[in-house]
Structure formats: structure tokens, C-alpha cells
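Peer 1: What follows is each chain in one-letter form.
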Amino acid sequence: MDALDVSRWQFGITTVYHFIFVPLTIGLAPLIAVMQTVWVITGNTAWYRLTRFFGKLFLINFALGVATGIVQEFQFGMNWSEYSRFVGDIFGAPLAMEGLVAFFFESTFIGLWIFGWTRLPRLVHLACIWIVAIAVNMSAFFIIAANSFMQHPVGAHYNPATGRAELTSIVALFTNNTAIAAFSHAVAGAFLTAGVFVAGVCAWWMVRSHKFNGEDARTMYRPATILGCLVVLVSAVALFFTGDTQGKLMFSQQPMKMASAESLCSTETDPEFSILTVGTHNNCDSVTHLIEVPYVLPFLAEGKFSGVTLQGVKDLQQQDQQRFGAGDYRPNLFVTYWAFRMMVGLLAIPVLFAMAALWLTRGGRIPNQRWFSWFALLTIPTPFLANSAGWVFTEMGRQPWIVVPNPTGDQMVRLTVHQGISGHGAGIVVFSLVTFTLIYGLLAVIWFWLIRRYVVEGPQEHDSEPAPPAPPGDEAAPLSFAY
Amino acid sequence: MGLQQFWFLLVAVLFLGFFILEGFDFGVGMLMVPLGRVAKGDPEMHRRAVLNTIGPVWDGNEVWLITAGGAMFAAFPGWYATVFSGLYLPLLVILVGMILRIVAIEWRGKVDDPKWRSWADVGIAVGSWLPAVLWGVAFAALLRGLPVDAHHNVHLSVTDVLNVYTLLGGLATAGLFALHGAVFIALKTADSVRDDALRFAAWLSLPVTALVAVFGVWTQLAHGKAWTWPVLAVAVVAQFGAITLVWGRSREGWAFLLTTLVVAAVVVLLFGALYPNLVPSTLNPGWSVTIYNASSTPYTLKIMTWAALIFAPLVIAYQGWTYWVFRRRISAEAIPESIGLSRRAP
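If you're matching them up, the sequences are chains A and B in order.
When you read off a place in the first sequence, starting at 1, and then add 740, the result is the number in this note's numbering.
When you read off a place in the second sequence, starting at 1, and then add 6, the result is the number in this note's numbering.
Rather than coming from a laboratory, the hints here were simulated on the basis of the structure.
Computed from a predicted structure; not experimentally measured.
For glycine and all other residues, C-beta sits at the position ideal for the given N, C-alpha and C.
Check each hint, because a few of them may be wrong.
What the hints assert, rightly or not - One side only, chain B facing chain A, incomplete, derived with CB under 7 Å:
no.	residue
1	LEU57
2	VAL63
3	GLY66
4	VAL109
5	ASN159
6	THR306
7	ILE309
8	ILE341
Said to hold, decoys possible - Coverage of chain A stretches by chain B, computed from C-beta distances (three or more under 8 Å per stretch; other residues unrestricted):
no.	region
9	824 to 835
10	855 to 868
11	955 to 964
12	983 to 994
13	1042 to 1053
14	1078 to 1089
Claimed, not checked - Under the rule of at most 25 Å between Cα atoms (straight-line distance), these lysine to any residue pairs were calculated in the SDA-like manner:
no.	chain 1	residue 1	chain 2	residue 2
15	B	LYS308	A	THR908
16	B	LYS121	A	GLU1197
17	B	LYS121	A	VAL1185
18	B	LYS231	B	GLU50
19	B	LYS308	A	GLU906
20	B	LYS121	A	VAL1195
21	B	LYS308	A	LEU799
22	B	LYS308	A	MET890
23	B	LYS121	A	LEU799
24	B	LYS308	A	GLY895
25	B	LYS121	A	VAL1196
With the rest of the complex left out, here is chain B (with noise of 0.2 Å):
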């Protein structure tokens, strides 16, 4: 394996690890109001019991994509310079959205009032729901192709972002992390505040499974190569397996371990079948972005190995220990109480 492959697996590791964890994020920033309004007892207690399943973790999985920019970066230069000119517009709201969550789930405990914690509710809701779908958009455009030209400048159109597919994959992507987050929040989770994340799991298991498997199906026929064919079964196996569980109410880590298996499988799934194009040209395949043309000279990326090999494993010991020293289950009834300030001094 070249330097050049070695890389784009590893950014396909980095988009892995984000789409995992904070895949999970997204999906109980998405489900926590909802939890709140079915939840038996002060909904109050019962959205903070949820946000913070992720509360010691969300800030660290966030970095995952920070450093899959970082990386895309170093390592392909082009790539990072096409799509992220390219995809200017989304990647503004994708940003606008991360903004709001990042200071909406830090400042919403700050102050002890009801239309404060109402508002943040609102910025947690959004900047989960907004870079869930547009990522799932943004990567069913990189599939279909962009117009990139023969300096690799994209001239975007409207449908090349916004059409049937990347809608599709836009709502797999949304469908897929509600589904995870809930699984996660059952799995985080006791007593009612998990009672109802199953319920929500298994709601959502039905329609998440009709939208990932058109886009998954789609993707690969359109998309696809041979030996991702076997990658697309693993997601549809452990996916019915997901269903299975969560509809028996038990079993929340197997079931968690199988929404993390079908995610894995579907980042696995955009990024072969997109292999070894980086961003495939719609108006001539010869100007496509490619792991050839737009990496990094071999010096800068052994450099990046090193620094990679290094620290990376360092990454998932550490924040695996963080997840083991956070390992007990949240309720609606043990939750700390809120230290947050009144709006006015007294």
C-alpha cells in the first residue's frame, strides 16, 4: 500500500470515528426534546438526563473532525481546497450549526431559567439536526460528482447539491444518528429515561432502515465496486439485528454495537465506492480530484504517518478510558442538580 492510499484510509478512519461518535451526539441532541415531551415526571429532569449520556464525551468526539480536516489537509491539499471552496454553502451552515450546539450544550446548565434552557434547547436541536443531514448531502455529492473543472475549481449549480440522492442520503444520514443516539441514550441511560429512548428506537428502527437501505442499495449500484457489495450486507445484517433487539427492549449495548457496526459500514461504503477519486468531475473524468493529483509530496505525508501512528492510538486509549470512567448509567431521578445562576442577582 502506497503513502497516498494509506492516507485516504486514514482519513476514512477519521470521518469513521466522527460519524461513529459523533454520530450519537447528533442523534441525542436531535431526540432530547423529543424525550422530554413523552416522559412521564419533570421533562426538565429527563432532557438533562439525555444531554448528558454525552455530556464528559461530546467535546473530545467532536475532534474527530477536526482532525479529519486537519488531515485532509495535510495530506491532500486538493481535496481540501475543492470541496471546501466547492461546498462553501453547506459547509456554512454545517459551521453555523456546530457553532450553536458547541455553546448552546456548554451554556445551557449556566443559568437557571426555563426560556434560557428553552432557547439552548433550540441551538442544540438545531446544530444537531443541520450537520447530520448536510453531511449525509454533502457526502452524496461528493459520490455523484461535482463540476470540477481542469484546475479543480468546482462551479457549483443548485441541483448539484440538492437533489433526490443527496436528499436521500442527507435523511439516511439524519435517520441513521437518531437511531444510534437512541440506542446509546437506552444504553446510557435508567428507569424511564431508557424505557422511552427504547420505545423511540424502536419507532425510528422502521423508517431509518427503509431510507439507509435505498441509499445504500442506490449508492452501490450507482457507485459502488465489487468488494463493497459484502460491506453493504454487513450494514443490512446488523441492522436487522439492531431492529431485533431494540423491538425486545433488551440488550441496548448489542443493539448499540450493531448501529455502530451499520454506520462503520456505511462510511466504509461512501468511501470505496468514492475510492481512488477524491472528487469524481462530472464535466470531463479527467479532471477528477484523485488521491494521485491532489496529495501531498511523499516527505509531508511519512511525516503525518509518524505523528499519525503515534498519537492516534494514544487518542482511542485515552478517550476510551474516558468513556470506562463515565461507564454508569444516568437517571432522570440521580441526575445532579443544576448549579446554574438565577437570570438576576437577588
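Isolated chain A (complex conformation) (with noise of 0.2 Å):
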């Protein structure tokens, strides 16, 4: 492996592995805010509770995306600084801005929830997760923002006198619209994904706590449970038209990507949709589609049944070399192909819990189901999975490129990941590689023990009861929590 194959590894792993914790991050913060929100107007406990029990599930997960999101702002610079000088005309806006208007916010607000329950008013305390939940989807903008300039670079231009591009409207970068397309569908999955993550839980206890504490279950998992499915599905919902809606976008700007996450060798008209391919995947010719569906690839395409003309793999490949010079423009075949997939099918999988956990909690019924306490918290990784498998689709479906050239653009704005390197030799970025795979390694295993030791002990005692706010001047309680 040479520096560049290790610098992508390297590059993979850490955002793969920080896009594992900000989708909850991003998902929970609202609905821990409406939880509490719910508390304050109607002064029902169970909501307080429930607000106290996932809150400190939020902490345990904020940290490690607060820690992995340092990582993903260094090493544009540190293992990419080629790709830095090219575009950080333009990348570097929103980075900067996230850090401004996002990130601020989020992370001083989040002080002051945690540790002034008692110290603040109770609306300003509220204020402060609605402050934290709005700015961290306000950081999921400007980064996907970035990220669509990647994708499809608009708003930017061309210097031959500097070899750079250049940002010509902040305006076109901010309103690309990949940008709004993917920032709509990556919220819609984090969305997804807490809502799994509430309703997972908070069945999985419904269940447990049918037989000894029915109050419990009625007051407070129930109708956790329900918030959750109900954000679950229109979540998926949300994510079908959104998903819809890039996938269209990206026959178009991206068709070398689309093209390979179909296997679609040659140019066809009313290409049949596969769903099971086997083979190699080494290039196109070594795959066999076992299963086919019709009517479906014209209309992710273009919206029709019939009539659509997509281009294959080779004829784009060959295209792209007259356009940009001898090379290979052939993404991954078989990391895309699989990742599109895995995406897709595992969106089934919550939407079958959200609408049985519905079914089974109709009419004020609580379920005792065994079987459905385990679907419940099998049901609560997939989102997780589907999250990384939609990155890594698009992610290396714009392979080899590191700024796909937009069709319709400046063609000078564009760049592999070969020229965007830094020139590095392979042992430096392997040294480092492993140590952030160590490091992450470690601390997955603790997150994850953290986090099923919360889920498991379920909200606690002293979380029972709201304590009341500390009176003005009181010199012996300066603090309502501490580490």
C-alpha cells in the first residue's frame, strides 16, 4: 500500500467512525428537547424522567462526537493538504462558519443544560437544549455543504494565475442543491436513527418492566415508545423523497456513481433494477445479476417508467478519458454496488418495529411479547449501519475523484485523490493510522459498555423527582451536577 491507499484508509475509518456518533447527536438533541419541553408545560414527571434518562445517554455519545469531529478538521490539512490549498478558498468557508455559528452554540449551551438544572430558570434551562438541538443541525449543514462541494462543485471558478479554485458566490455553495438534498437526507437518517434508538430502548423497558412496575410502562415507555416510532416513520418517509430526490440529482451530476452502484455495464434503455448480483466485482464483466426488477432504475432516474436512457460503466469510463486524459474513473464496483443496498434494505427493518411497536401499543396496550423486546433492541443498530453505508456509498462512489467535476461547471474545477495528497511517505500515515485505530478501537468497546450499562439500569432514583431550583444567593450549592 502506498501513502495514498493508507491516507483513504485513514481518511475512512475516522469519518465512518465519528458519523457513527453524530447521527444520534444530531437526532437526540431535539428529542430530548421535546421531551423536556413536554415537561415543563405539562409538569408530568415521566417526561422529566425520561428527559434525565436520555440525557445522559446524549453525554456519553456527544463526547466521542465532539473528540472523533476534532480529527475530521485536522487532517483535511494533515493528510491532505494538496487538496487544502486547491479548494480552501471555498472549502474553508463553512468549515470556519461551522465553527462560528454552530459549534459555539452547541458546545456552551450543553454546559450550561448539564450543569444548570437547578441553577437556571426553568424556560432558559429549556432554551438552552432547544439552542444546542438547533446548532447542531446548523453543523450538519455547513459540513454537508462542504461535503456537496466535493460532490458537485458550484459557485467557484478556475485561476490559471494561482492553479486554484476559487469561491465565486457563498450564495450558489450554500443553496447547491446536493448540498440541501444530502443535508435533508443525512438529517432525516440521524432523525431515523434516534427515533429507533428512543423507541428501542424505551420498548425493550416497556417489556421488562410489564410484570413488576405497570405504571412505569403506561406513564413513561409508552408513550416514549410511540414519540419514537412516530418519528421513525416520518423520518423514513422523509428519507425516501429525500433519498429520491439526490439519487435523481445524481444520475445526472454523478452518473459514473450511479452507474456503478446498479453494475451497469453498458448504455441501456429501460435498465432493470438489480437486486442480488454475483461475482467478483473486480470490473463489470465479472458480475452476473441473479435477480432483476423492472420500472424501478428509470424511475430513481428520471421520475418515468419508461424511456430512460442511462449509461453504462464503460461508455463513461471511456468519456471520461477523452475528457480529463488516460486514467481510471471506475469507482469501487463492489462497495458501491453493496453499500447502495445496504443502505436501502436496512431502512426495513426499523420501519417493521416503528409499525409492529405501534400495532402491539394501540389503544393503551402494553406489550409482554418476549420476541418483541428482542426485535426492539435488535432493531437499534441498524440505523447505525444504514448511516455508514450511505457515506461509504458516496463517499467512494465519487472515487477517484476528490472534487468530482460538475457537469454543467467550471471543468477546471476538479481534482483526484492522487493530486490531493500530501506528500507524505506511507510509514508516517500508517503510524498514524494505527494509532487512530487503536485509540478508536478502545474507545468504541467503552462506549458501548457505557451505554448498555445506562440503557440497562434504566432512569434512575434520584432522577425521580424534579429538584426544586436553587434559591438566589445560595453559597452552598453552586453547582446542580458535577463530573
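Assembly of the complex is requested from the two constituent chains, each provided in isolation within its own frame, with the hints serving as guidance.
Peer 2: Below, the structure is given as C-alpha cells:
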């Protein structure tokens, strides 16, 4: 492996790892804000207990998301310095704004929220979690706007004098159709992740406490399960539509990515959508399509059922060679094909679970089936896997480009990963890759253990009643919580 | 003042915020275990009192660095690219330190178990010491210059980063942060924790003054400008003021203001000495990365200027409010009980 391969592995590992925790943060912050709002408005302590319970799980997760996010910001310069030079004029702006406009808010107000339970007036404290919830979603927008420039560069032109890409319109950058579609899609995925998390944990607890504490099951776990399930279903619909929009954009903006995702070798009119293939996937010809469905692919591409011609990998490769010179412009077929199917296919499980849960809890029922509590637990990891698969697909699908040329934009605003890399030797990058992987592996084990421990413990005794606000001038209680 | 100068100033301000705020965070992390060791009474309660002085604010403080990094990327992509790839290993170590520190602080109280907490304490100490030393090393190495080639790439040898001057820089920043942190702890705590912190500050003040003075004078003589002499003078006067106050064991508010001033003066000295270079080249001065050849276009700088002018004052306002909300002193006796779970479910 050369430095390029190792650097790509490092970016892939650190990014996928970061995005295990981030969707839960993005989706759970608003859900906790909703829970706390319900408590503040109704005074129903069940929602207070839920807020505290999920608040703790949120914070265990938040720490790791923040810690791994710093690596993301640093490694563009560390490992992709030529890329950073080439696009810094454009790409740096959303990253800096993310810090200034979003990350400052969430990091400061999360501190106020954790430590301010009795120090702040109830409504001010509630506002803190809402600010966190809005800011984490704004963070997502800035980061995805930056990423979308790599997928579909707009608002920029190439300056031959400096040899760099330059920003021409910040509005175009932030209204990039790819950015808006990808942001909505990623946020919908994040809400689905959090919805499944809340519903899964609470459904498990609902079945568990059915026998010994029916009161908790009825007043706390059942409403929270229903809330989670509704979020799951709404998010699933949103995922379908935003994904469809994104797919249609990709067919026109990055046809190579979609052709790879379909293992479509040659240009065809009304090709069939493939569900199962066998083969080594080293190249198009080694793939045998076993199960195929008509009409789906034309609809995905252009919204109609027939009369759609889609370009195949081989033809696109030839076109790209003519436009950009000799080279291999095909992404890894195996990864794009299966990551795409994994992302879409895994969506079925949360949807089935949500419908099952809503059915079993209908009309005030409290389910006690063992299979259901297992179903709840096993559903929790599925959106995490789907999120990762989605990003693996979208990032691997743009290879070998680091900035995919925009078919209707400035053709010179383009860069391959090969051109974007820093001039490090492979050894030093292997060292950092091994360092990150070991630390990340260790922290993942602790993260999982902590989350599991806190889920199994359930809402705690000391959270059963809201603490009264501290009297003003109370020197004895400077904090309402301490590490 | 042109946009490039303005953004150099703004990046300096972001680092200033980072070093002042995260400076005492690092100091708290460095002194937490030693302060527990000298405590009369339960060392764990003392460690917790110390850690919770930064409890509500450390996370927001850290964003100053994230934003400084983002601002470097946005305003001076050439600087960001050269420094971050050039100083690859020091930055890797800083990142590892920061990751460990974040999870150690946040997870420390989650499990009620002495072994768990002592591992978290290791993470907090390592994660505070490493960046505290390495930021000094990195800035000293920058001032000294790096082997920047004509394409602004750096091919580093060990002595570019590790030499007497950079190590002195690392010790100076680490020492300064420890002192700054000790004074901050004294300001934020009551009773015996406060007394211990003041004692620590007094002990630290003399060696730290020596380190900072040697590093400051060396920096001034080797890289300084005429106008940075008064800056150095401010640092010296403020430092002696701080020494006097911590030896007098009182007025830690003023002492904290003075150590803040010292940190600020050091940052101004570093950035002032660097200007208008961003990375001086040791191979050929013509190959240096400067604010002119590494900057973004005027359009990007203008947009970023608007964003900064609107949001930076807002950030300062609400972060300031956070310090106001949690302004009361913490004592080892009055700290809320730990609500961590036992290691195993009962």
C-alpha cells in the first residue's frame, strides 16, 4: 500500500467512526428537547425522567462525537494538504462558519444544560437544550455544504494564475441543490437513528417493566415508544423522498457513481434494477445479475417508468478518458453496489419495528411479548449501519475524484485523490492510521459498554422527582450537577 | 488595514482566546491529581472540586481552537496546508491528547469506581500535558522557521521540531498554563482547595517566571520587532504582579487577570514576531509562506469578515454569561454527590 491508499483508509475509518456518533447526537438533541418541553408544559414527571435518562445517554455519546470531530477538521490539512490548497478558498469557509455559527453554540449551551438544572430558571434551561438541538443541525448543514462541494462543485471557478479554485458565490455554495438534498437526507437519517434509539430502548423497558412496574410502562415507556416510532415513520418517509431527490441529482451530476451502484456496464434503455448479483465485482464483466426488477431504475433516475437511457460504466469510462485524459475513473464496483443496497435495505427493519410497536401499543395496550423486546434491541443498530453504508456509498462512489467535475460548471474545478494528497511517506501515515484505529477501537468498546450499562440501569432513583430551583444567593450549591 | 492583515489579527485573536481559556483548562487538568494528593481530607472530593471549576465551560473553550483551525483554513489555506501537513506528528500527538481529555472528563463521573476514575485521571492529565507542551513547541518551531520548499511543502527533520528553543517554548507554555490554572482554581474554589491552589501557584510562579522570561527574551531577540518590546515588558510586569499577589495569598481575581495578561502578551509576542510571515522558510526566505501568498481571495475574506463581525461578539457575550451563571466558588465539601453507576448492575 502506498501513502494514498493508507491516507484514504485513514480518512475512511476516522470519518465512518465519527459518523457513528454524530447522527445520534443530531437526532437525539431535538427529541430530548421535545421531552423536556412536554415536562415543562404539562408538569408530568414521566417526561422529566425520560429527559434525564436520555440526557445521560446523549452526553456519553456527545463526548465521542466531539472528540472525533476535531480529527476531521485537522486531517484535511494533515493528509490532504494539496486538496486544502486547491479548494481552501471555498471549502474553508463553511468549516470556519460551522465553528463560529454552530459549534460554539452547542458546546457552550450543552455546558449550561448539564450544570444548570437548578441554577437556571426552568424556561431558560429549556431554551439551552433547544439551542443545542438547533445548533447541532446547523453544524450538519455547514459540513454537508462543504462535502457537497466535493460531490458537485458550484459557486466556484478555476484561476489559472494561482492554479487554485476560487469562490465566486457563497449563496450558490449554500444553495447547492446537492447540499440541500444531502443535508435533508442525512438529517432525516439522524432523526430515524434517534427515533429507533428512543423507541428501541423504551420498548425493551416497557416489556421488561410490564410485570413489576406497570405504572412506569404505562406512563413513561409506552408514550416514549410511540414518540420514537412516529419519528421513525416520518423520517422514513422523508428519507425516501430526499433519497429519491438525491438519486435523481446524482444520475445527472455523477452518472458514474449511479452506474456503479447498479453494476450497469453498458449504456441501456430502461435497464432493470438489480437486487442480487454474484461475481467478484473486480470489473463489470465479472458480475452476474440474478434477480432484477423492471421499471425501478428509470423511475429512480428520471421519475418515469420507461424511455430512459442510462449510461453504463464502460461508456462513461471512455468519455471520461476523452475529457480528462488517461486514467481509471471507475469507483469500486463491489463497495458502491452493496453499500447502496445495504443503506436502502436496512431501512425496512426500523419501519417494520415501528409499525409492529404501534400496533402492539394500540389503544393503551402494554405488550409483554419476549420476541418484541428482542426485536426492539436488534433494531437499534440497523440505522447506524445504514448511515455508515450511505456515506461509504457516496464517498467511495466519487472515487477517484476528491472534487468531482461538475458537468455544467467550470471543468477545471476538479481534483483526484491522487492530486490532493500531502507528500508524506507511507510509513508516517501508517503510524497515524494504527494510532487512530487503536484508540478509536478502545473508545468504541468503552462507549458501547457505558451506553449498555446506562440503558440496562434505566431511569435512576435520584431522577424520580425534579430538584427544586436553587434559592438565589445560595453559596452552598454552586452547581446542580458535578462530574 | 487590508483584509489579509485583518484576518491575521483575527486568527491571532482566536488563538488568544484559545490559550487564555483552554490555558487554564489545561492547567486544571495538569494540577487535578497533584492537588488531590496534598489534600487534607478526601482526595477524591478535592479532585472533583478542581475538575468542576471548568466543568460547565471547558467544552465551549475548546471551540476556540476548532474555530481558529477553521479560520486558518478559510482565510489562509496555504498556511493551514503547510503547517498541518508539515507538523504532522506533533499535531497527531495533540489530537490524541485532546481526544483522551474530552472523553476522560465527560466519562469520569459516569462510573462510580476508584479504578475507573483513576484511569480517567490519567486521560485528563495526559490530555492536558501533551497539548500544553506541544502548542509551545509548535509555535516556537514556526517562529524558528521550517524547511519550506518552493511549493510550500515541508520536509521536516527531527531537529526542526525538537531543539533547545522549541523545548523551552513547550516548557514555557506548559508552565504558564499550570500557573494560570492554579490561579483560576484558587479563584473558583473555597476553603482548603483554594488554599492548596494558592500554595501551588506560589511554588509554580518562580520557575515559570524564569522559563517564560528566558523564552520571551530569546523570542524577542531572535524574532521580535521593535514594537514587541513593550509587549514583552507588559508580560514581565504582569508576571511580577501575579507573583506578588499569589505570594500574598489573596486577591486571586486580580492575580488571574494578571496571568491572563501574561498569556495574552505571549500570544501577541508570538504572532507579532511571526508577522507578516506565516511559516518562514529556512531554505530560502523567498519561499516563506506569508499572509500575502497564502491567503484566500478578497471575496472569501470579505464574507468571512461579515460572519466573524456578527458572530464573534455574540460568542463572547454568551460565553461570558456562562461564566456569570457559574460564578460561585466550589468547595470540596459542597460539591454535589457523584451520580455515576456502579461498575456492575446490582
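Peer 1: Look at each hint and say if it fits the structure.
Peer 2: So, going through the hints one by one against the coordinates:
{"no.": "1", "hint": "LEU57", "result": "5 Å, holds"}
{"no.": "2", "hint": "VAL63", "result": "6 Å, holds"}
{"no.": "3", "hint": "GLY66", "result": "4 Å, holds"}
{"no.": "4", "hint": "VAL109", "result": "5 Å, holds"}
{"no.": "5", "hint": "ASN159", "result": "5 Å, holds"}
{"no.": "6", "hint": "THR306", "result": "5 Å, holds"}
{"no.": "7", "hint": "ILE309", "result": "5 Å, holds"}
{"no.": "8", "hint": "ILE341", "result": "5 Å, holds"}
{"no.": "9", "hint": "824 to 835", "result": "holds (count 10)"}
{"no.": "10", "hint": "855 to 868", "result": "holds (count 4)"}
{"no.": "11", "hint": "955 to 964", "result": "violated (count 0)"}
{"no.": "12", "hint": "983 to 994", "result": "violated (count 0)"}
{"no.": "13", "hint": "1042 to 1053", "result": "violated (count 0)"}
{"no.": "14", "hint": "1078 to 1089", "result": "violated (count 0)"}
{"no.": "15", "hint": "LYS308(B) / THR908(A)", "result": "12 Å, holds"}
{"no.": "16", "hint": "LYS121(B) / GLU1197(A)", "result": "20 Å, holds"}
{"no.": "17", "hint": "LYS121(B) / VAL1185(A)", "result": "17 Å, holds"}
{"no.": "18", "hint": "LYS231(B) / GLU50(B)", "result": "48 Å, violated"}
{"no.": "19", "hint": "LYS308(B) / GLU906(A)", "result": "13 Å, holds"}
{"no.": "20", "hint": "LYS121(B) / VAL1195(A)", "result": "22 Å, holds"}
{"no.": "21", "hint": "LYS308(B) / LEU799(A)", "result": "37 Å, violated"}
{"no.": "22", "hint": "LYS308(B) / MET890(A)", "result": "23 Å, holds"}
{"no.": "23", "hint": "LYS121(B) / LEU799(A)", "result": "21 Å, holds"}
{"no.": "24", "hint": "LYS308(B) / GLY895(A)", "result": "16 Å, holds"}
{"no.": "25", "hint": "LYS121(B) / VAL1196(A)", "result": "22 Å, holds"}
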